[in-house]
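With chain X fixed as given, assemble chain V onto it according to the hints.
Residue numbers (this note's numbering), protein chains in the order written: chain X, 1 to 381; chain V, 1 to 575.
Each hint should be verified, as a subset may be incorrect.
[To be verified] The calculated SDA-like cross-link candidates involving lysine to any residue, where the alpha carbons are at most 25 Å apart (straight line), are:
#1 V:Lys6 - X:Phe37
#2 V:Lys497 - X:Arg129
#3 V:Lys496 - X:Ser168
[Said to hold, decoys possible] Calculated from the model, a selection of chain X residues having no Cβ within reach of chain V, i.e. all distances over 12 Å:
#4 Phe67
#5 Ser264
#6 Leu322
#7 Thr345
#8 Ala358
#9 Leu379
No wet-lab data here; the hints were simulated from the structure. Ideal placement from N, C-alpha and C gives every residue a C-beta, glycine not left out.
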Amino acid sequence: MITYKEKIDNVALHFQNGDHNLGYRKFIDCVLDSKNFTLYKECVELTDWKETVLPSKIELHEKVNEFLLKLSTIEVHSPPHRVLLKADKIVKKYSRGKFQLGEISLEVKQGDIWGLVGENGNGKTTLLRILAKDLKSESGNLIYNVENTISSDYDLRTKLTYIPQRTSKWYGSLKSNLKYAASHYGIKGEENEIMVNMMIIRFGLWPYRNHNWDELSSGYKMRFELARTFLRSPKILLLDEPLANLDVLAQQLVLEDLKNLSQSISNPLGIILSSQQLFEVEKVSDNVLFLKNGKPTYLSDANDQNENHCFIEMDVNCSRELLNKAIKDLEIKDIDFNGGMYLITIQSEDGLNLLLTALIQHNIEIKYVRNISQSTKRLFS
Amino acid sequence: MNLLKKINTSLLENYPLLWHSKVIQLTFAGIICWILSYIVGFGLINLKTLQQFRIQNFYSNSGYIYFHITYEIIILSIWAIYFYKNNAFKSFYPLKKGYFIFLFGTLFFAFFILSSAYLPFTYGCKIKSKTLFDEKNIQQDIDKLNLGNAFLITSPNQYTIDNRSYPAPYPVDLIKYDENNKGWDQIPYDIIIPKSDTLNQNKETFWTNSKINEKNTIIIEGRKIQFYSTHIKYAQLNECDGTYNTYLTKIYKLDELDHPELNSIINFSQVLIEAPYRSAENGKLLSSKNKKYTSQIYQLLHNKNPKEVQKSIDNFVEVCLKYKIDNNINSKHLTRYLSYKKYKNFHHSIIHDWKNNSRYYNHQKEIKNIESSVSDTNKFIKRMSKQHVYFYSKTGLDSLIRNHTYLVLDKNNSYDLLFFLIISFSITWGFIWFEFASIKSLLITIPVAGIILIINVMIIVFSNFREQGVMVTFIITFIIIISLTLLGLKKKIVNKKVLNILMNLCYIIAPIFIMIIIILYNELTKHAYVQTKCNGIELQTHQSMFVEPYLFFIYSVMGLLLFIPLLKKWKALEE
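One chain only, chain V, in its complex shape:
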């Protein structure tokens, strides 16, 4: 306690700004929050939570976010009470050069520590998670899971073309025919087929001539497959030469509902690979992994050796046990069921997702019945084909594998950092406002800013402006406000009360002014192509300038830095 008092006195006597900002106490509270967040993140993660939540979302899904927000509000409230007790600027005390910049900087730092508990929390989760995976054998475990998973499809909907068509045409859900290249290709996963009624509205992508739900049977490389076909033309910008090419005439999608014969497990030759592989590696690994497992599974079935199938399911169960994945899989029963060739048309999958516990408990009795009727093959198969009796936590397994992929790739999302920088910047901006402005002028500024905004919106609406016009209108308004403020400060053309409001408006504008000018510049030069080279050929292309998200943050800081020197001049003016 004495030490704290000594520190406080020392700050008061030697570093009045630090004492006033209470940044030491604030940072201390932030560090406590960081340590706590790390410990909680580390402590809450276990094999069960890894099956329920994604690591990167666990901060919010676990409810820790509510604790953190409450903690932050309490700390900020207490801090604000002490912070606003003293004000050197309003008392006309001499201020060192860069006083406000330093004050802003220190508070920004402290608020960042206080606001970004997500980062240590997630880091704690990652560290703990890494200890939960048997990294040495993880690849073997994943192989076992993928191999076994082929026999444990939990829904007919998951039983996609990859799994069902033999031989598999392509490891894709969608395929396209490229008119330019006269060939078939896989559609990137981020392309979504739009509904017909939205096609014409979407001017940017140039979708035309759409027909949905026309059934087609196509032959690809000698293989006959029935698909939906969708007739679509669209134009896409060729980044190399800046022109638009027509790419697609038809998109084919497997007709899942009208292909009962494909629902037979025996027909499959490729196995469903879990989504993490797709999302993490943009689908590229999918093909190779598919091929790898496909050949293995095909071999298993082709050999007609139930023991090998049972072994792969046993391996699956073994890994489930290792990672505490709930299941009640009986490999012997399943193998027998899968090997029964008469039933090629299953209306239900025999495995169900464990997450719906109630179903599992309802079927406990059924499982016992199956046990008793297992000697009678026909009865057993009939019962198996009608009801879900075996379960495993597919969503848990998915989540576990996704979390592992996240850890392995260890992608530090820089946008997380940017997000917290922006949050801290906004909080600091708000608190600093009260440091120099009076409550009275703030209360007047709010309706004035509202009126200015309404006038701008009316000008935009009545002038039928497009994007550029909107920004031009705002920039003109901003320039008028800034000019009036500067003239008020220099030539004293307005009285102090009006100037107070103008200063507040300038403070609102400061963080967005440069940003809007940059955006407007890019809008205005959108069709002015610049000379570039592509594959040795000189081309005219357009590139947006200075629009990186981090740059936007820097523009806000720069805008504020331009505003701060006006403060002393404004404060010293007579009424």
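For reference, chain X alone in the conformation it holds in the complex:
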């Protein structure tokens, strides 16, 4: 696990390498980890200066370095990572249809990201709503370990932060909405202003802080939701299709943010997110749960079962006959063409190299190829 000191060094490295945007985001994470309102205040001032003066990269680098020196004097310790949520044999039936979700069991620890993947209508949203206590399950147990002082079900719901795919419209300015949420969570007075500004900065909303709902794009609406959620100091974050309606860059940015925030030194949190963006989600997730017709498949289990197999997704510019001829010497277990892509299963751990060699030897043009042995993509069919 990365230490606070290492995190600060990483920030410095990003700036040295010229990755100023990434570096600045990680710098904000370091400041947030410090839990020091004086530093928060200085950070807000620095950002304000950055956004209004528009300094050169060198000037910004200098200022950030000065700040990092201050941060390096602070001791930040990571709490022991505990299990936040344990779902045991959750089952949900819909009486009208024949659909049944489960049995599903999973365990979410602090710092974990769970990816929830599957085709539409396979129970991703249902599972998230059950975990968020929004929907009742027929059987199974849910044990939450988010805080010691949960006095009622309503109290528990205030700790479980579930962001649905379609977030409801809010009114007024972005900042006033964040302030309202913060003040309900006990962040009052000057702290409220500083903390809200920090979140606005962290999620790249500084230029949009006085905008309202209608003036924000889908990506920034999602960022607003995340900012609002993080003001609640969540322990578990449940996100339903957070990447839907986002462009490729925004998707990467949000996923990267989630990864960084889940690995916060002072407040690591557990995240469960559902998405159709398999590869992106798998990239940041520690665990992936694939749902098909409500039945779960855990990626780790699937990998264990096919330990010596290589699954390749491929598109080539040749006829099927030529392809068959090229790969006839390989230990092909299965080949499937869905009209656009070939899904080839080779009984060898080194299958991708063997396949590429064979294709090159036969002078076949490769348009697309991806090893999906470690991806749930191979489970879609």
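Just chain V, lined up with the frame of chain X:
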């Protein structure tokens, strides 16, 4: 502007509930309305308006009510737009203990300020009115008005027994003979003789054997007076011993139409005293005032001194001038007319109410003719007896005196306050409903509540229930709804969608539930007398318990307080 922004930010950062409720802005709008209402009330009142309107009704009669309602609707609409923009409860934000009670309380306070413009308006009217009356000399002025008024009867109908019979038997319109006490007594003014066809229907008062329009001549204390008589028996509860006594056999009312000789002004010995004295002091002062003026007027007439009569009319006119009461009274002409003894039978009164201005203007010419014929007594009297030529604003004078009495007594009607408390409570109740319920569940609740109501009414109709039965039916329905809701919350026996409707129904029931139980309790114990003492004798009587109007308001608040703790539990339930 900056200050307002600072206040708003401070509220948002430190007091999210106050910021959300916008109670500061709402109260500010209410205070502006109060100040404005006070200024308008103060500004609109003058001697003319005091003659046209009653102070306590001036808020509505002046049309200010329309301005106030429009203002209130505009403010509430703007407020509602901002209020429903944020909802901590629906967003599952942590709520402090008593969040809804505090929210209800603050909104209730603000709505009360906003809705009760009547109070400062009327207060402004009172303050201004007090400055318009010459309080130092007001009693003398009223004396002058009452004395002069005796000679200025504007309608034969007003020329009642008090004014016309000599010597006056009693200062009453109605008298009764009490069989139990074997004596004559005055009937309280709130007793109304019912028409014969309604007597038998009115089971509560036990009126029987009624005969209307039988003419009687009765002799009371040696004085012969002709009356209508109405034969009526009725029973009235004796509050002391709880039994019913038969009180009345006959009610007498003066036969006004068939007594031309009584229409002569010369016959009167008592003067009509204006209604305010009666209503304000329950008729008691009437007798003493009557006696006071009667003797004075009787003396005036008995002395046959027209100059003194003219002086009393002059005094009347002088006070009218002081208080801007419209009139065209000529004391000299009137005195001459009143002193003319040959005419004892006038078909019309010679004075008319000023309020009908058109008549006054039509008769301007006639007045001039009278002026010219004043030397010829016969012509003058004939003309005077045929037409109304002199006017004064009797209704204006009445209104002025009533308003003065209202100010002097300065009765703060606590029911005004209660009325506005109930209005504010209802508005708050309505707005809070939308704070926790979804529009969808509300739309389903309305027809469901309608169906429940129809079922209740059908049960009541088909079972031929009386009052107690009606309330029992409703209470059983309420208990079923409340029980289902509680079981739904605790044991989850119904799904969330049904529970949403049940919660809405409970919210409708909450303010009236305790009230209905209290009423039912009183109904059920109506005939169960309790031991009390009356004049040292132990008696069995019944008293309704806990039925004061203010208590009903408190029951509504209590009902709501019982409901509010269910909200968090309900909201947290899974679908």
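Output the numbers, in ascending order, of every earlier hint that fails for this structure.
Going through the list in order, the structure violates no hint and respects every one.
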